[in-house]
Each structure stands twice: as structure tokens, then as C-alpha cells.
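*Asks:* The lines below spell out each chain.
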Amino acid sequence: MFQAGATGIAPADIAKFFENLLAHEKSLLQAAVACGAGQAGSVKQLPTLKQVAKLLYRLSLIPVEAQAQSPLPFRPFLGPFLATFHDQLTGLYTDLPAPPGVAPAGAVSASGVGYPSTPATTPPSLERTAINALAFLTNVLSCDEYKVELLAHHATSSSSRAVTATGDQEMSAAAVSEAAGVVNGFFTLERCQSLLDLCIHRLLPLRTPDLEEWEGDPEAYQLSHASLTREESPRAAAEYFVVCLLYKRSDTLAPLLAQLLSDTAGLQAAAAAEAAGAPGGSVSAEVLTWDARLLAAGLCAEPLAATGLDFSAWFMNTLAPCLTVLAAAPASADAPPPVLRRRLLWLVGVWMGQMQEAIRPSLVEALVQMLTACASGCNAAVSLTLLRTLNCAVDNWEFNVEAFLPLTGATVTGLYGILGTFSELDARLQVR
Amino acid sequence: MFIPIRQLHLHDIIVDLVLMMWAACLYDMRQSSDLAIARAVYMLHRVLKELSTKRLARDRAALAAVSVQLFPVLAEVWVARSSQLLAALGPWAATHSSSAAVDDEALVPLAELVTHLIKCLYRITLCGFPNTMQVQRRDYMIYSLPLLNQLTL
Amino acid sequence: MSHTLPYYPISLSTLSLVCTSLCPQVMDLLHLVLRVVGPEGVKPFVEVIVAPLGNLWHSAATTDETAPLLQKRVLNVLNVVTNALSSEDAARLHPLALPMLVVATDLKRPEADYVLEDGLELWASTLLQAPAYSSDLHALFAHLAPVLTRDLEFLQVAMQLVEAYVVMGAGTFLETHAGAVTNIFDATVAEVSDKGAPYVAAAIETVLRRFPNEGADMLRQGGILSKLLAIVMESDADDRSGNSHGGGVGGAPSMMDHTISTHYVCLLARVALTAPEQLRALFHTPGVSDGSPPEVLARLLQLVDVMLKRFKSVGGGSDPSGPWHRKLVALALVSLLPADPNVLLRLDAILSVCLDVLSEHQAPGFVMPSLGNSDRLSEGSDHSSASDLYTTNLRAMLQGDSVQTLDLKVFLQQKMSETQATVGAEAFQGALAAVDPILMQQLQ
Numbered sequence: 040m041f042q043a044g045a046t047g048i049a050p051a052d053i054a055k056f057f058e059n060l061l062a063h064e065k066s067l068l069q070a071a072v073a074c075g076a077g078q079a080g081s082v083k084q085l086p087t088l089k090q091v092a093k094l095l096y097r098l099s100l101i102p103v104e105a106q107a108q109s110p111l112p113f114r115p116f117l118g119p120f121l122a123t124f125h126d127q128l129t130g131l132y133t134d135l136p137a138p139p140g141v142a143p144a145g146a147v148s149a150s151g152v153g154y155p156s157t158p159a160t161t162p163p164s165l166e167r168t169a170i171n172a173l174a175f176l177t178n179v180l181s182c183d184e185y186k187v188e189l190l191a192h193h194a195t196s197s198s199s200r201a202v203t204a205t206g207d208q209e210m211s212a213a214a215v216s217e218a219a220g221v222v223n224g225f226f227t228l229e230r231c232q233s234l235l236d237l238c239i240h241r242l243l244p245l246r247t248p249d250l251e252e253w254e255g256d257p258e259a260y261q262l263s264h265a266s267l268t269r270e271e272s273p274r275a276a277a278e279y280f281v282v283c284l285l286y287k288r289s290d291t292l293a294p295l296l297a298q299l300l301s302d303t304a305g306l307q308a309a310a311a312a313e314a315a316g317a318p319g320g321s322v323s324a325e326v327l328t329w330d331a332r333l334l335a336a337g338l339c340a341e342p343l344a345a346t347g348l349d350f351s352a353w354f355m356n357t358l359a360p361c362l363t364v365l366a367a368a369p370a371s372a373d374a375p376p377p378v379l380r381r382r383l384l385w386l387v388g389v390w391m392g393q394m395q396e397a398i399r400p401s402l403v404e405a406l407v408q409m410l411t412a413c414a415s416g417c418n419a420a421v422s423l424t425l426l427r428t429l430n431c432a433v434d435n436w437e438f439n440v441e442a443f444l445p446l447t448g449a450t451v452t453g454l455y456g457i458l459g460t461f462s463e464l465d466a467r468l469q470v471r
Numbered sequence: 097m098f099i100p101i102r103q104l105h106l107h108d109i110i111v112d113l114v115l116m117m118w119a120a121c122l123y124d125m126r127q128s129s130d131l132a133i134a135r136a137v138y139m140l141h142r143v144l145k146e147l148s149t150k151r152l153a154r155d156r157a158a159l160a161a162v163s164v165q166l167f168p169v170l171a172e173v174w175v176a177r178s179s180q181l182l183a184a185l186g187p188w189a190a191t192h193s194s195s196a197a198v199d200d201e202a203l204v205p206l207a208e209l210v211t212h213l214i215k216c217l218y219r220i221t222l223c224g225f226p227n228t229m230q231v232q233r234r235d236y237m238i239y240s241l242p243l244l245n246q247l248t249l
Numbered sequence: 110m111s112h113t114l115p116y117y118p119i120s121l122s123t124l125s126l127v128c129t130s131l132c133p134q135v136m137d138l139l140h141l142v143l144r145v146v147g148p149e150g151v152k153p154f155v156e157v158i159v160a161p162l163g164n165l166w167h168s169a170a171t172t173d174e175t176a177p178l179l180q181k182r183v184l185n186v187l188n189v190v191t192n193a194l195s196s197e198d199a200a201r202l203h204p205l206a207l208p209m210l211v212v213a214t215d216l217k218r219p220e221a222d223y224v225l226e227d228g229l230e231l232w233a234s235t236l237l238q239a240p241a242y243s244s245d246l247h248a249l250f251a252h253l254a255p256v257l258t259r260d261l262e263f264l265q266v267a268m269q270l271v272e273a274y275v276v277m278g279a280g281t282f283l284e285t286h287a288g289a290v291t292n293i294f295d296a297t298v299a300e301v302s303d304k305g306a307p308y309v310a311a312a313i314e315t316v317l318r319r320f321p322n323e324g325a326d327m328l329r330q331g332g333i334l335s336k337l338l339a340i341v342m343e344s345d346a347d348d349r350s351g352n353s354h355g356g357g358v359g360g361a362p363s364m365m366d367h368t369i370s371t372h373y374v375c376l377l378a379r380v381a382l383t384a385p386e387q388l389r390a391l392f393h394t395p396g397v398s399d400g401s402p403p404e405v406l407a408r409l410l411q412l413v414d415v416m417l418k419r420f421k422s423v424g425g426g427s428d429p430s431g432p433w434h435r436k437l438v439a440l441a442l443v444s445l446l447p448a449d450p451n452v453l454l455r456l457d458a459i460l461s462v463c464l465d466v467l468s469e470h471q472a473p474g475f476v477m478p479s480l481g482n483s484d485r486l487s488e489g490s491d492h493s494s495a496s497d498l499y500t501t502n503l504r505a506m507l508q509g510d511s512v513q514t515l516d517l518k519v520f521l522q523q524k525m526s527e528t529q530a531t532v533g534a535e536a537f538q539g540a541l542a543a544v545d546p547i548l549m550q551q552l553q
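Protein chains in written order, with the working numbering: chain W, 40 to 471; chain D, 97 to 249; chain H, 110 to 553.
In isolation and in its complexed conformation, chain W is listed as follows:
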């Protein structure tokens, strides 16, 4: 029944449907923004707006999944939806203040929007639509069927069929070229740069709800943070998009990211700020900004390495001194969450494979010393990250056992010490 050219549905009807979908989605979002503008900052969210937000999510979901399911046949709608979703994404996050703020200055925390739906849109509760927009951009940018170079081996025939889960799809060279043209025409250098900037400096930094969640229960925060999906969290979706951007546009974007990371003075200032403790027990903006930058650095290790970034040297010259400063800071019960410390430890774990063999023994020794320090009292999120990083260090082909032997006792003592600091056995089991 669904042979090409003999479906029960006229193609014109499909086209009309998607045109209407686009038009209505745009109009509805504009209406929602207009309606919600006055509501931003209110404690209770009006039921009508909640329902409109749900409707918008459903409307935007169809093109996302249609494109994912049938990339080439979707190409007539690629351009319009790319433009629309891009504009909507940037529009929803234009008024986002610098971290950690979540709403325009002076407003209370947006109603019903907390962790993990951060960062909140303006107006709030449109996060799921923003997630769909991000998903669409990610899927299109990373779609192999829009890559002309992948059709090279079909040079002898003008068309081929690809077997997919939804059935055979025609992959004519002309179709792929057309789609590739749209994609490359959209994802220009400027646009990619601005999207990267949007993600790293607006979407990735932690916000007040995240920090409150962290402060409330560091262990629970760390565990739930590990299981966030990109369908439920704008930040997780943005992480995925950053990875996509850096891998698919590595030539142009990786050097930019490397340059961003080369601001040693900025990073050191952020570390000093965290070590000193910001007034009022809050986390300073520069700490959160650097947390986001280092997050991007960890996610995109491969493209960064391709730019010639020497991880070992950067670690020894910049990151290790920062960690030392942070570790030396006096621990206090009402200190704000040690964001940068946790991020640096995480980064070391992620990059373990890139570290030169020569520096690994001293790196492991430093980690064991931190373990001992954590055993006597430390934020649980940092302890958990340290455990994970140590695991990466030890569970490694190139682990230097000989050098580690004298540290065994301290490691065991430190581990048992950390065990004692967890207030109770966590009864929540997370299933993979």
C-alpha cells in the first residue's frame, strides 16, 4: 500500500500538513510568549498557559521525529523549520540573565520550573519546546544522510536505496545534495559560533534551582544529575548539541573553544573566588561560567586534542594549581557548593586517557591525597566525582601499579573514611 507513488495519501496533503504545522507552531509560540510575559515572576502558573505549553511541545515534536525518521523526504521542510526553531530557541533564551540568575532581576524564582528543567525559558514552562528545538538542530547537523561525502562510494549509480528501520529510502545523489545545501547554508560559521556561545554561556551554566538542589542534598543531586536525559533537561540537550557542533564543525569551532580555555588568568581568578567564598554564601558568576567552559572542554576532548591542545601541559600548568588552591580552602558547613572543584576533578577523570604516562603517578598521588582530605569532611558531590575519577585512573591499561603500591594504605583508609561520611545508605536504586 505504501509503495512510492502509490500511497493512500496525496503528497500534497502531507506538504500542506507540515506547512500548517509550521505556521500554527509559530503563531502559538508568539501567543504564548505574549501571554506569558506578564506572568513571568508570578508564583502560580495559569492553567491555560500550562496547557498551551503542553500543546506547543506536541506541535514541535512532530517535525523533530519526522525528520529523524525520514531525513531525505523531509528536506522540503528543512529550511523553514531550521530557521523557525533557531529563532525560537534564541528568542526563548534571549532574556536569560547571567548565571546564576534564572529570571529577570528582582523576580522570584519562576513558578513550577526548577531542577532539572533548567535553564528556564522566558517566559517559563516552554522548556520542552526549547528542548525540541535543540533536538531538531542537533539531529539535522549530525544526520549522515545530508552528507554528500558519504555518497561518494555510490558514484557508479545515480541512486541507491538505504535500508532503515522504517523501510527502504531512496538516496539519490540529487536529493542528498539538495539537503546538504540547505544544511550548510543554514549552519554558517557565524550562526554556529553564536549557537556555541548561546549554549556555553547561557544554557550550560548552573542556575539557582540547580545550586539549591545541590545544597539541599549533594548526594541525591549528583546521582540524579548523572541520569538526566536530553529529553527532560534543556541543559542536557544543550550538552548534546555542543558535542554535535564541535564534532561536525571541528575545524572552525574547536580552535574557538581552545582559545576560550586559554584564558588562564580568568580561570585562576574563578578558582580564587570559589576558594575565598563569595559574600552571602552564593556562587559567583565567573565560577559558573568557567564550570560551563570546562564542561564543554570535557565533552569535546577529541576535537580539542586535534587542535593541538596539550592536555597534560594544560593540566600541570593551569588546572593542577587551581585544584591546589581549591583543596586548600577551609571547609565550612555553610559554604556554597564547590562547583569548580567538582568540575576540575571530573575533567581529570574524563581526560585520563589523554594524560601522558609520565605525569600519571603524581596525578594519582594527588588524587589519593584529596581522597584523604575528603574523608574528613567534604561535599558529597565532590567525593562522588573523586571516586569516579580515581576509578578512571586505576581501571586503566597504563596504570602504574608499582608506583601506586605505597599509596594503597592511604587509599583504603580514605575510602573507608568517605564511607563513614555518607550519612545513610542510599536506598534509592537507579536502574540503568
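One thing to keep in mind: the hints can contain errors.
So the derived label-pair ranges between C-beta atoms look like this [as the list claims (entries may be wrong)]:
id, chain 1, residue 1, chain 2, residue 2, range
1, H, H167, W, L444, 29 to 39 Å
2, W, S401, H, S496, 40 to 50 Å
3, W, S371, D, A190, 50 to 60 Å
Treat the hints as calculated values from the structure; they're not laboratory data.
Glycine included, every Cβ here is placed at the ideal spot set by N, Cα and C.
Starting from the known structure of chain W, fit chains D and H onto it as the hints suggest.
*Replies:* Structure of chains D and H alone, referenced to chain W:
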């Protein structure tokens, strides 16, 4: 818009039931009973959702048959109701622009109806006839481009 | 459609698959560290490692939901430590380990499902390292039979435990637990697949090695020998009728079917060699035959024929005890020569088997591999020179094994003379004449 069931080449009793039900809904729509319409659409959504979880080829063919029949009708109904909602949101915003406003929730049923319609269309387009998206016909491209250019909302 | 992005798990910002509660996570890292550093790293810090484990075990027991997860890890850590220590040092852990083992291997407890596997591993490590056979270890054996009667999931480690108990506990062990051992074999011999058969066969062989007569008697009375015989005969009958046995899974059915019966044939061969009375008694068992001489003879000849047929499959692949088993079968066949003139009719085939074994042993560069838990006997680490009871007893047992001590050629000559005396010179010469002359020449 009555669908003559006997003219359909159906092979599954569930498909029969769905279409019989939808025929009844359409009849209801002409009677303009909003509650009946809302319930009918909601039920249709649940049935389509359930059908879309089936994996056997026979069941998928049944869903495809239903989808082909329902799509034009549902698309038209959705456009109508969605336009109605968009038109109503403007005045609604005007009366509810302050943070102290109390929602009279008059638009909530309409918004829910449109949501369920879109959910039905989601199941139909993405699970019901995935292969239809694979049709590459130049004529609809030519047809669709000018329309897209005219979008100025 | 596919995305060529690198695979990232659900949360990208941590890149970690945190899926358990926190304390087990710490313990997992501890376990990893101890495994990686090995005995050299563990020995200097044993006290530090082991001291908190008792408290952890008990505090976990008071927490309903996550108790098994933490207890599993405690057992794992203790297992790594036990394996890293020498026999005497490992014995100092017994007051800590044994109470845990009593809990972990008790199927009546609800947490058994979670901790049983790790409990069994720790049990095996503790037992194999023990310098002496203690009453606590002796009493613990009672927990094993329920494990195997429930299902065969832990067959390998359970059979390893049975072997170790037989080697270490000897008469003391069998006096108390003969019934349990018989039950264990009864539950397994007919149920195992070709993957599990080698383990069961190894355990039964250990019983027969350690107690040739009493062991065979115990197995015969418990119906185990009858079961072995029945399985061997059934497999042979299936071969003859051309059906493939249900035991094989894909591949060439004929080769896989023979694994089980080949292993069991070797066990029966051992009974024939070291406990011929028991073999005779087996052939008189109701169910095996009606006791009349023709029937008994028929069973004997069937067994001889199967041994001859299966000889080629004995010790296949990378089985380190292959040469031993081939010698065993040869010795068993030779030992049966004087039993009846009809056996003599198969002299040609029997001599051919002997020639195969002798040629194998005389081949340049041939070295008889060590037997049993060859890891423990052959590795040059502290274990092999340590004073654990298992290794000591195992060595003694193997050195006293008839298969080791008997010289095949001498034994053959001896049995040929016996046969000649039994059947008379005329029949004997007649049988010799039927043998391939080249074979005779090579045997001289």
C-alpha cells in the same frame, strides 16, 4: 464526510471498530456537542496510541489502513480548532496580562482538544504511515515552496 | 538513520554510569584497587583493609533495602584479600569470614539470591587456602546440597568445593556428608549439559581417586554408577540408531553428544581398574541386568565396546588431563582382559588403544601434564609452596593414583599372562593370531 465502512478493504476488527467510532464522532461534530467531540477525540487518541505499540506486521497494516482514512479528516479538524484557539488567545492575553490575574480556564478545554488532535496526528504520521514520508514527488515540492514563502504570520 | 556522534551515556556532564547506591560504589573502587595492586599491595595493609568489614557487614544487615548490595561487596573484598594471602595468614580471617559464609550460603535467607554467588566464591577461596580442615568448614558443607538441588547455576564452583572437601576432609568428611555428596551427584549427573559434565566428572573422579573402593561403593549404592552407565549406554544406542541425542546444541551433533558419555566412560573405567568388585556388583544391580550370567556378561561387553569406541574422544581439545584419561582407559581395558574369553575377542582393538597411549608417551618432547587443579600445583607462586592442606593432600593423592603408578606395558604383560592362565593356551594363541601382526610387532 461520512466514511462508508463497507467500501473499505479492512481486515481487522479493531480497524472496523475505530472507523465506526470515528464515523460516529464525525456525526457528533455536526451536532456541535463539544463535550462529545472532546471525548471522542480523546478516545481516538487512546486507541491510536495503543495501536501504535503493536509490532506484528498485520497490526501495523491495520494501523496504516486506519491512518490513511483518518488523516485528511483529522488534519482539517485540527486546523479549524487550532485557528479557533489562536484567535481566542489574543483577547485572553489582554485580560490576563498582569501577574495578579485569575484564570477563568475557559480556553483550557479547547486547548486540550487541540492537544489531543495533535497527538492523534502524531501517531498517524509517525507510526501509522512512515513510508508515506518517503515519497519523493517533485510536484508537491513545487506546490509547497510558494506556500512556504507566503507564510507571514 | 545513524548519527556518527561518539556514544555518550545518558548524562553527558558526568560521563558516568552511576547505577548503584553510594556505599557499594566506594566498595567497588576498593575492590578494584585491591585487585589491581595484587598480593604485593594487599599484604602490607591487611589489617587496615579488613578491620571495618565486620561492622560494615552487620550494619548492612540492619538496613533492609540495600543490605545485599553492600554485603556482596564485603564478600568480594574479603575474597580478594584471602586470595592474596598465604595459607596461615588467610586462616586468621576465618573468624571473620566463616560467620559471613554461614549467612551468605543459607538459601533459607531472602538475601541469598543476591549474595550466594559471591559467598560461594569466598567459600572456595577460604577452603582452598585453609591450612587445616576445621570443624567450622566441615559443618558448612551442609549448605551446598540445597544450592545444587535448586538449580545448576553455580555448578562449577560447587563441584570445585566438593572436590576440595573430599581431598581435604577425607574420611572425616565422607562419614558425615556421604549422603549429601550422593544427593549432589544424583541431582547433577543426568541434568548437566556437555559444558557442565567435565566439572561433575572431575568431582566424581576425585572421590574415586581418594577412596577407590569405599567411594565406588558409596556411588554404587547411591545409584550414581547406574545413572552413569545408563547415560553411556543410551548415548551408544542413539549412535547406533542414527539419532542425535538431545544434549547437543548446534554444531556437529555427534561430537557434542559424546562429551558427556566420554567423561562418564572414563569414570566407569576408573571403577573397572581400581574397584573391579564394585563394577561386578554394578552389573548385578537390578535395573542394570537381571543378574543372570549372560546378562552380566552382555553389560560387561557393552562397556568394553563403548570404551573402545569412545577412546578417540577421550581428552579432546585442550583438556590438560587428556593423556591421563587415555592411559586410564587403556589400563581399564587391559584389566578386563582376564574377565571373560569374549573380552579376548576384542584383543586387537584393545592392543591398538594401548599402542596409541604408549606411542603418545614415547613421543619426543612429551611431558605428562599435572592433574587436578593444575593452577595450584603448577604455578610457581607462593601458593604452590605454601602449606595449604588442599595442595598437600592433592599432591599425595595424585602421586598415589594407580594411573600414575602403573606402567602400562608391564601391566599389559601381567594381564596377558593372567588371561592365558584363565582361558588356556589354545584359546589365547587363537586370539593372538587374530591380532594384526604389525600391531604385535610394534608392541614388542
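*Asks:* Take the hints in turn and mark each one as holding or not.
*Replies:* Okay, the hints, checked on the actual structure:
1. H/H167 to W/L444: 29 to 39 Å: holds, 31 Å
2. W/S401 to H/S496: 40 to 50 Å: holds, 41 Å
3. W/S371 to D/A190: 50 to 60 Å: With Cβ atoms ~52 Å apart, the hint holds.
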